[in-house]
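Peer 1: Residue numbers (the working numbering), protein chains in the order written: chain A, 1 to 358; chain B, 359 to 632.
Where hints are given, some of them may not hold.
[As the list claims (entries may be wrong)] The following residues of chain B were derived to be distant from chain A, with all beta-carbon distances above 10 angstroms:
#1 Ile368
#2 Leu386
#3 Leu463
[What the hints assert, rightly or not] Beta-carbon label-pair distances, calculated as ranges:
#4 A:Asp161 to B:Ala505: 52 to 62 angstroms
#5 B:His369 to A:Arg165: 23 to 33 angstroms
#6 B:Ile368 to A:Pro301: 51 to 61 angstroms
#7 A:Thr50 to B:His369: 42 to 52 angstroms
#8 A:Thr169 to B:Met562: 47 to 57 angstroms
#9 B:Leu407 to A:Thr91: 35 to 45 angstroms
#10 A:Lys168 to B:Leu495: 31 to 41 angstroms
#11 B:Leu495 to A:Pro142: 26 to 36 angstroms
#12 A:Thr169 to B:Arg499: 30 to 40 angstroms
#13 A:Arg165 to B:Leu504: 27 to 37 angstroms
Rather than coming from a laboratory, the hints here were simulated on the basis of the structure.
Ideal placement from N, C-alpha and C gives every residue a C-beta, glycine not left out.
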Amino acid sequence: MVRMVGSTIRSRHSIFGRKLIRELSMRPSSVGRMPTVAVEAIDLVKVFGTNRAVDGVSFVVPEGSVLGLLGPNGAGKTTTVRMLTTLSVPTSGTGRVAGHDVIKEPAAVRRSMGLTGQSATIDELLTGRENIRLIGRLYGLPTKYLNKLSDELLERFLLTDAADRVAKTYSGGMRRRLDLAVSLVASPPVLFLDEPTTGLDPRSRADLWDVLRGLVKDGTTLLLTTQYLEEADHLADEIVVIDKGKVIAAGTPTQLKDEAGRASVVVTVSSLADLPRAAELLRQHSSEVHVEDMSRRLTAPAAGLADMTRIAAVFTDSGIEIDDLGLKRPSLDDVFLHLTGHRAEEIDETKTEQEAVR
Amino acid sequence: MTATVMRPPIHHRSLLQQSLTVVWRNLLHIRRMPEMLLDVTIQPVMFVLLFAYVFGGSIDVPGSTYREFLLPGIMAQTMVFSSAIVALGLTSDLEKGIVDRLKSLPISRSSVLVGRSLSSLIHSSIGIVVMGITGLLVGWRIRDGLANAVLAYLVLLLFGFSMIWLGIWVGSLMRSVEAVNGFMFTVMFPLTFVANTFAPTQDMPTWLRVIAEWNPVSALTAACRDLWGNGLPAPADAQWPLQHPVIASIGWSIIFTAVFAPLALAAFRRRSKD
């Protein structure tokens, strides 16, 4: 499969990144071996008053792939999704969903996509089955077909037992599942999921991930926003990191991790007294050795397993007793810290995304 | 090769069919939460009993009994309150993201509003029926023939329709159900009380009487009284709307629709853009 971006792109250092994404997005999608583009954001901007909630966001989602839009609260994820799903009109720029322009052909866009909003937008006074039927009727599905479909969806999302209960009585996980089931009534080829697992317990989250993987296997293109790096890592083929309304990085999870720095070897010595000698040994291999007295830990960049094996051999020969030695690859959390200077979970209390929307 | 998603047989439905689906959904709400109907059932019945038996004894009505005089007033009040019903329903749907969900579907966006309006008219009509029965029990009668009686109901419905636009406007502007509640009741109570709904305007101070008689609710109430034959026509010194209440009611309805419908649609659209 051809990736959207050949290498990791960082627009923080130059405008090159954004330009490249835009050039890619302009390639004719049906020519050659390029996969068809399912979703593209083209320099999307949304201004609320003086707040540039989304400030020139561009990306491409090839058909059948999963794009993770990653960023902290208030980064502009929800606003971006709202523009791509025709719920919000961009201040400038545009987007395309299944080949249709979100500004010029909103009706065609709505026909080709499904949306699961940030808070489960199910009708609490309706039963699970009625929620599905409401949307199915609006799509104009024949009653007989709709009855069968409701049963299937309820079964697939483990809601058969609760089908005729009012959705108000559902747990958080059940609500999300129903919300997703409702989004799938018309089997949209493109599905937008705005923070699909926020507020779910780990078990429900893992269940939902399974469901999403199943959808991708069936050919659905997913665009999901998340604050969880782990989620993006698990599900996404491509990750676009946004912060303060701007794309700050894009690439595969692996590329982003490489971007944050090489892997490093972490050595924990048994005795604090050995620490200076161990540091001396490591310095023969690498000029950047980081020493932590408290944890008796030494960290040095390493190219890979071969490096680690060599360093392990050196320590065995030296007779220094060690507790632990291992190769540590940077996590997406490290990536985020590296890119933005702050952690992804940090929530800007003064302006949450919800307020930015209003 | 990636698999292709199989799509179900999607048929385009007309605006009416889509709106009726929204009505179906709104009526399910009433079935699940019958207490939603309190505002058009128990509440106006309480008003009837309160005014008919507590205050009524001390209010003099020329040419009729107080109970006959009262019923058209309560009916008019119920219709005016339909704007609050619309506003509450719409704000609640906006707040909970239901409107977003509906707007993300390939349906006509007007169906959300049309469906909301139709169900609110049904809601208010239930109130009118309950009022009618209550009225008959306490001694209210229709005394001026079937044609006029039907015309009175049509005038009520038309006025209710114009009030719906006010409701959509307020519902689109307000950010929470609580805000709508506060706003609507602050506006609605003076509007329905500074009028001829519960007491004749003749005994009011002159300045208040002028305001009350130009109050659109007074025209609506007077129109119903005239058409149902509940009491004497307005005295010769009453303001123009009370001299020609049916025409005035229709006129007010047209003016309200002309003013509030564009405001409502613009506010709803603006709310939809962000």
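Peer 1: Evaluate the condition: distance from the CB of B:Leu386 to the nearest CB of chain A exceeds 10 angstroms.
Peer 2: The assertion about B:Leu386 is violated, with a minimum of 6 angstroms to chain A.
Peer 1: Would B:Ile368 pass as off the interface with chain A, using Cβ distances and a cut of 10 angstroms?
Peer 2: violated (5 angstroms)
Peer 1: At the C-beta level, are B:His369 and A:Arg165 separated by a distance inside 23 to 33 angstroms?
Peer 2: At 30 angstroms between Cβs, range holds.
Peer 1: Go ahead and decide if the range 26 to 36 angstroms is satisfied by the Cβ distance of B:Leu495 to A:Pro142.
Peer 2: violated (47 angstroms)
Peer 1: Is 51 to 61 angstroms right for how far apart the beta carbons of B:Ile368 and A:Pro301 are?
Peer 2: Since B:Ile368 and A:Pro301 have Cβ atoms about 55 angstroms apart, the given range 51 to 61 angstroms holds.
Peer 1: Mind checking the hinted window 42 to 52 angstroms against the Cβ distance between A:Thr50 and B:His369?
Peer 2: The hint (42 to 52 angstroms, Cβ to Cβ) holds, given that A:Thr50 and B:His369 are roughly 45 angstroms apart.
Peer 1: Assuming the hint says 30 to 40 angstroms, is it satisfied by the Cβ distance from A:Thr169 to B:Arg499 or not?
Peer 2: violated (47 angstroms)
Peer 1: Holds or violated: the 52 to 62 angstroms window for the beta-carbon distance between A:Asp161 and B:Ala505?
Peer 2: holds (56 angstroms)
Peer 1: Range first: 31 to 41 angstroms. Now tell me if the beta carbons of A:Lys168 and B:Leu495 are that far apart.
Peer 2: holds (36 angstroms)
Peer 1: Verify the CB-CB distance for B:Leu407 and A:Thr91 against the hinted window 35 to 45 angstroms.
Peer 2: violated (56 angstroms)
Peer 1: A:Arg165 and B:Leu504, beta-carbon distance inside 27 to 37 angstroms?
Peer 2: violated (47 angstroms)
Peer 1: Is the gap between the beta carbons of A:Thr169 and B:Met562 within 47 to 57 angstroms?
Peer 2: Since A:Thr169 and B:Met562 have Cβ atoms about 53 angstroms apart, the given range 47 to 57 angstroms holds.
Consistency note: the structure conflicts with the earlier hints numbered 1, 2, 3, 9, 11, 12 and 13.
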